[in-house]
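Participant: Heads up, the sequence shown is in the numbering used here, so the first residue is 1 and it goes up one at a time.
No wet-lab data here; the hints were simulated from the structure. Source: prediction; values computed, not measured. Do not take every clue at face value.
Claimed, not checked - Computed list of lysine to aspartate or glutamate pairs in DMTMM-like fashion (alpha-carbon distance at most 25 Å, straight line): (1) K53 - E245; (2) K185 - E125; (3) K53 - D164; (4) K106 - D231; (5) K53 - D231; (6) K106 - D164; (7) K106 - E172; (8) K185 - D231; (9) K106 - E125; (10) K53 - E128; (11) K270 - E57; (12) K185 - D164; (13) K270 - E210; (14) K53 - E269; (15) K270 - E125; (16) K270 - E172; (17) K162 - D379; (18) K162 - D219; (19) K162 - D375; (20) K106 - E57; (21) K270 - D231; (22) K53 - E145; (23) K270 - D375; (24) K106 - E76; (25) K162 - D130; (26) K106 - E140.
Claimed, not checked - Simulated restraints on C-beta separations: (27) Q109 - K53: 13 to 23 Å; (28) E76 - Q101: 15 to 25 Å; (29) G347 - I276: 19 to 29 Å.
Just so it is clear, CB atoms sit at the ideal spot from N, CA and C, and this is done for glycine as well.
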Amino acid sequence: MFHPLPLWLGLRYTGAKRRNHFISFISVISMAGIFVGVTALITVLSVMNGFEKELRERILGVASHASVTRLGGPLEGWQQVAQTALGHPEVVGAAPYVEGQVMLVKGQQVTGAQVRGVLPEREPEVSEVDRNMEAGRLDELAAGEFGIVLGSELARYLGVGKGDRVTVVTPEANVTPAGVLPRLKRFTVAGVFEIGMYDYDRSTAFIHIEDARTLMRMDQGVSGVRLRLSDMFLAPRVADAVEAELGRGYWVRDWTRRHASFFQAVRTEKTVMFVILTLIVAVAAFNIVSTLVMMVTDKQADIAILRTLGLTPGGVMGVFLVQGSLIGVIGTALGVGGGVALALNIGDLMPALEQLFGVNLLPADVYYISDLPSDLQLDDVLRITGLSLVLSVVATLYPARRAARTQPAEALRYE
């Protein structure tokens, strides 16, 4: 079928000027459709990969790869727990924490927040907060001084900066002769951090672990121990191993369980987008069918002459397979080039488009991430390329078989 003669004829038909310009126009449209579809697929999947990667890194910059808690109460002897966890080769950091929900008050501004008590000297082992400080330093938190580090959006909402004071209200209350009164404590803002993820920047605050114990009335123990792993994707296996090492009474949760529904939703959305955008490529590829059907009708006499000269039905089929496949190959190649170029530069194009049209396409208070990341993966490019080529070849089968069934006598009857 792909003998040099059918291959040569297929290439010649593709490059030759046609009497019917409408057929040439449909060929160009088919090629352009494949180009647009492949470009869109590569770009969108790269952006969604970038979003997933960026979200994962930002979430785990404040959260933890895994955490150890005690079933039924505070965790005591956290040093021994941390030492046991660090005995696993994949665990590279461990730090205790005390966590609770509070209200922050500054003047007329009141908002809820999650406050986390940490050891400033050990917190950098498990989070990226100290590397994302806008003002102050995490190690400025000292026991008994009641300093607090706020997320940037939280500080902006309260209208405070470093050195200002905020009132922290806990859910527990004091029972006094005058009645039940809320428990209040004044804290001094020691710093402001910005992770770049609105939810955390808007609702998270850090204080010293000893101040957190005082605030939460936790005389002994801590809420748990947070762990950092050398490879976050090994978290489920490492969590099971650490839990088995610690024994009964301990619960080790990893990030894949804590945020399972969120990342599953991201992966589902990516799959749906792949299917939807594949339809663009499919529609463009099957435009090749109409192109080749009209080509076969236009070339009936040529096909009949080739058959009388000895070209087999398989050879005729090969001519049109080459022609249709070449349209798909050119469209796919252009699409891959355009998609790769766009995916690699989408981060630079976004600010230019926002400035050109005067709009904010990704406002931080609506989306988790306010910029447009991109993570181009070779597997996606190869999968999209293969899919486009397969659809292009499949689209040529019917017209090519129809051409192969041409009867020379019938085709030349009225010539």
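Participant: Hint by hint, note whether the structure agrees.
Facilitator: These are the hints, each one checked on the structure:
A threshold of 25 Å between alpha carbons decides the hint, and for K53 with E245 the separation of about 31 Å lies outside it, so the pair is violated. Of the supplied pair hints, the one linking K185 and E125 is violated, its CA atoms being roughly 29 Å apart against a limit of 25 Å. Among the hinted pairs, K53 with D164 is inconsistent with the structure: their alpha-carbon atoms are about 36 Å apart, more than 25 Å. Between the alpha carbons of K106 and D231 the distance comes to roughly 41 Å, so the proposed pair goes past 25 Å and is violated.
Pair hint K53 plus D231 holds up; C-alpha atoms about 14 Å apart against a cutoff of 25 Å. Distance restraint check for K106 and D164: the Cα-Cα separation of roughly 9 Å lies within the 25 Å cut-off, and the hinted pair is therefore satisfied. Proximity of K106 to E172 is assessed by CA-CA distance (about 20 Å); at most 25 Å being required, the pair is judged to hold. Only pairs whose Cα atoms come within 25 Å are accepted, and K185 paired with D231 is rejected, the gap being roughly 40 Å.
As the CA atoms of K106 and E125 are separated by approximately 32 Å, the hinted pair breaks the 25 Å bound. In summary, the hint linking K53 to E128 is supported, as the alpha carbons are separated by about 16 Å, within the 25 Å threshold. At roughly 18 Å between alpha-carbon atoms, K270 and E57 fall within 25 Å of each other, so this suggested pair holds. Annotation: proposed proximity of K185 to D164 holds, straight-line Cα distance about 14 Å (limit 25 Å).
Distance restraint check for K270 and E210: the Cα-Cα separation of roughly 44 Å exceeds the 25 Å cut-off, and the hinted pair is therefore not satisfied. Restraint check for K53 and E269: the C-alpha separation of about 14 Å stays at or below 25 Å, so the hint holds. Proposed proximity of K270 and E125 is contradicted: the alpha carbons are some 32 Å apart, above 25 Å. A hinted pair counts as satisfied when its Cα atoms are at most 25 Å apart, and K270 with E172 does not qualify at roughly 44 Å.
For the hint linking K162 to D379, the alpha-carbon distance of about 47 Å lies beyond 25 Å, and the restraint is violated. Taking the CA atoms of K162 and D219, the gap is near 29 Å; set against the 25 Å cutoff, the hint is violated. Between K162 and D375, the direct Cα distance comes to roughly 36 Å. Violation of the 25 Å bound is thereby established for this hinted pair. At roughly 32 Å between alpha-carbon atoms, K106 and E57 are farther apart than 25 Å, so this suggested pair is violated.
About 23 Å separates the Cα atoms of K270 and D231, which keeps this hinted pair within 25 Å; it holds. At most 25 Å may separate the alpha-carbon atoms for a hinted pair to count; K53 and E145 exceed this at roughly 38 Å. Between K270 and D375 the CA atoms are separated by roughly 13 Å; this keeps the pair inside 25 Å, and the hint holds. Our distance criterion of 25 Å between C-alpha atoms is broken by K106 and E76, whose separation comes to about 34 Å.
Note on K162 and D130: the hinted pairing holds, with a Cα-Cα distance of about 15 Å set against a maximum of 25 Å. Annotation: proposed proximity of K106 to E140 holds, straight-line Cα distance about 22 Å (limit 25 Å). Separated by about 35 Å at the C-beta atoms, Q109 and K53 break the suggested range of 13 to 23 Å. Against the hinted window of 15 to 25 Å, the Cβ-Cβ separation of E76 and Q101 comes to about 22 Å, which satisfies the hint.
For the hinted restraint 19 to 29 Å between G347 and I276, the CB-CB distance of approximately 24 Å keeps it satisfied.
Of the numbered hints listed earlier, those contradicted by the structure are 1, 2, 3, 4, 8, 9, 13, 15, 16, 17, 18, 19, 20, 22, 24 and 27.
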